[in-house]
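Using the hints provided, position chain B relative to the given structure of chain A.
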Amino acid sequence: MADRRVLLQASGLTKRFPGVVANEDVSLTLHEGEILALLGENGAGKSTLVKMIYGLYAPDEGEVLIKGEAVRLSGPRDAIRRGIGMVHQHFQLVPVFTVAENVILGDEPIRWPFVNMRKAKAEVARLAEEFGLQVDVDAKVEDLPVGTQQRVEILKALYRKADILIMDEPTAVLTPQETDELLNVLRGFAANGVGVIFITHKLREVLAVADTIEVLRGGKVVGTTTPADTDAAGLAQMMVGRSVLLTVEKSPAETADVVLDVVGLSATNDIGLPAVRDVSLQVRAGEILGIAGVEGNGQRELVQALTGLRTCRAQSITVNGADALGKSPRAIHAMGVGHVPEDRETDGIVGPYSVADNLVLDRYDEPEFARMGVRNRGAVTALADELVGQFDIRTPSSETTAQSLSGGNKQKVVIARELAANPALLIAAQPTRGVDVGSIEFIHSRIVAARDRGAAVLLVSAELDEVLGLADRIAVMYDGRLVETISAEEADRGRIGLLMAGHTAEDS
Amino acid sequence: MSAKWAYTLAAIISALIVIAFVLDQVRTVSVLEFSLRYAVPLILAAMVGIICERSGVINIGIEGQMLMSAFAGFFGAAATGNLILGTLIGVGTGMILGAFLAVGAVTWKMDQIIAGTVINILAVGLTSFFYVQGQVLPGTTPTVTIPGLSSIPLIGPVVFSNGLFTYAALIIPLLLWVLLFKTRWGLRTRSVGEKPSASDTSGIGVQSFRFWNVMLAGLLAGMAGAYLSIEAAGTFERGFTAGRGFTALAIMIFGAWNPIGALAAAFFFGLTEGVASQLQADEVVAIPQQFINMLPYVLTIVLLAIVSGRVKPPAAVGRPYEKD
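These protein sequence lines are chains A and B, in that order. Mapping to our numbering: the first sequence position 440 is 440, numbers consecutive. Mapping to our numbering: the second sequence position 224 is 224, numbers consecutive.
Hints are not guaranteed to be accurate.
Derived pair list, reagent style DMTMM-like, types lysine to aspartate or glutamate, alpha-carbon separation capped at 20 Å [said to hold, decoys possible]:
#1 A:K250 / A:E484
#2 B:K182 / A:D107
#3 B:K182 / A:E123
Derived from the structure by calculation, the hints contain no laboratory data. Bear in mind that the values here come from a model prediction, so they are computed numbers and not experimental data.
Next up, chain A with everything else stripped away, as it sits in the complex:
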């Protein structure tokens, strides 16, 4: 890379927020045609760094050179003008606009006094063709699958003639095949001389596509390396600062009786369309059934139906032989069902409550914790302190509000509460979403421990690696159906990927 032109150079960048230093003396160099991976855990400062480069934050110290020129960006508009494009983690698209409208927004071709839509569409179609990003320019963005929406985001950057492309966690929402496609597209950009900054915490992708890897931890650069000089374990150690078990250690499952038995479950989504279609499944004590699938294929509705949060139709749903169909969430919980919801912020914790109160949300009224309507604070605190220690929840005290904890620690609060009651069935939806690598390791070991104790576990995750690593049996959900169930030993990443994308078992 040393012989190529330097597109972007940042040196000594520091950004402080009240109480924290988000970035401290961070430097990076991006050459023409280079794919630079920024690797780090949540909260390591990756986003802050690129926001400074994109002009969303002003650095407190340090300087940014774009194509050799020292700049102080006044905002995204300025960054765009200098050839920086950013594909955000949460797509910045207007759902009710067409693809073409989204791409041109902010930089519209004009035939006074109107927007020249014909020219806009032609230009967007030409770009899509040139870079192999197939998309219908007249389609409404809200009707498109996420993989296509991401192409629209990339087109936005290309339309603005970006030669520095920042991609913030671009693969979080993609199937393995879509991910491979994207990585190919990025290689194509690099071949055309575009410099790409690729932010991720997925080691596999970094090793597959990056020319240079810069690892951040706690707001500082802890090292710069290349895929040739390192491997997944080495990168994980750099990210976390200690050695990490990337694979979950577990013994073969010792299964017993069927705990969860679902026959013919169907449910609709929030707008009344079918989301779960005639799903039947069984989970036995002592095993983990993993449900893989791209998000939005009915997993959310399935979990809500099973936990009583969504009305559904079914021939039968039983837990340990007892009828759970049509029961309230509380009644189902009382049958020994623990639930780790996919959205912990809204469904998992009550943010303004203390950690202790969150830990007894499901049992606050039991005789142990309350008598005649008066709460027994001492008992609550005692239990909370015990769980905080047991589950390694990093909090100043059990009286701290849950909302002030990091994502990983909030999730540990949820896991601790749901596992403390020794449930017969644990339903865990996206249990490690937005959680740092160290906590992922811990949460995984807890789920396996619950299995080994004899609990049945239904694991729903959009992270294929998580399902492959934890589950004893794997089912793939597509368009509301469970398309196939495979034992973990036979599972093959490529095949599951195809099933997730809707290919049938026959043509995979």
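Using the frame of chain A, we list chain B on its own:
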């Protein structure tokens, strides 16, 4: 509300009007004139709502903006002895109140409902406190009759022989439709009301777009108020706007946040009121006046019950924009 449904309804009503015209020319024209007069402030006020909500700002203070403008316009004209000056005072008052809402709801990121309610309460208080009895306007506003067009049967006398604000109320929705859906300003305004973070990352100033649009909309609220006291009634009373600002919000929803849809919806409101009044005047039906007066409010409730959930408001409406 599906477009097909709306077109069918519009076609049926048009056919009924033509039949009525064949049966009784004088009465039909008089009912339509009444309907249009009734619709004008509703149209203008609904445009206020559309501009604000398409930009992501709820304007529940339209009622107060109209009331103060009607007040300022009337007493401005009475005090200066100049209708044009009074009108300008009324329109300017609307714009000032637009800026008032913009500062509260956009700059200060206040709760938008509260910011609008402040305007409403302030308007009732100020216009009641400073109200003076016995003032009269220095004359009446001119009626502009367009030669040729005004001699078209039915449409001519109703549409092409009116005051200036009435023409404005008929032209502005068409203009606003073009602006919203065909120009850069419109594309950006709608993006700001649907997904401001997307606008922001595309280099569009969300706050300034919202601020200027809310202020611009205030100008139309001023026109609606000035129309009521100066062009339509030639007088001002306490509580003069009688809830028209709120009815306009219902019309905005009924018209699916589309200026032309709202124009049609406002005329439909006017027509209902016009027909009811005519039937009562002719003593065809013996309904007490109070029930006739209730009609727009009842209609508002019924229509909202029908369309609510079927039309989708701009996604970011009501939420002050915070950068993350």
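Hints, verified against the model:
Our distance criterion of 20 Å between C-alpha atoms is broken by K250 (chain A) and E484 (chain A), whose separation comes to about 24 Å. For the proposed pair K182 (chain B) and D107 (chain A), the alpha carbon gap of about 15 Å is at most 20 Å, so the pair holds. For the given pair, K182 (chain B) sits about 18 Å from E123 (chain A) by alpha-carbon distance, which is consistent with the 20 Å threshold.
When each numbered hint is compared with the structure, a violation occurs for hint 1 only.
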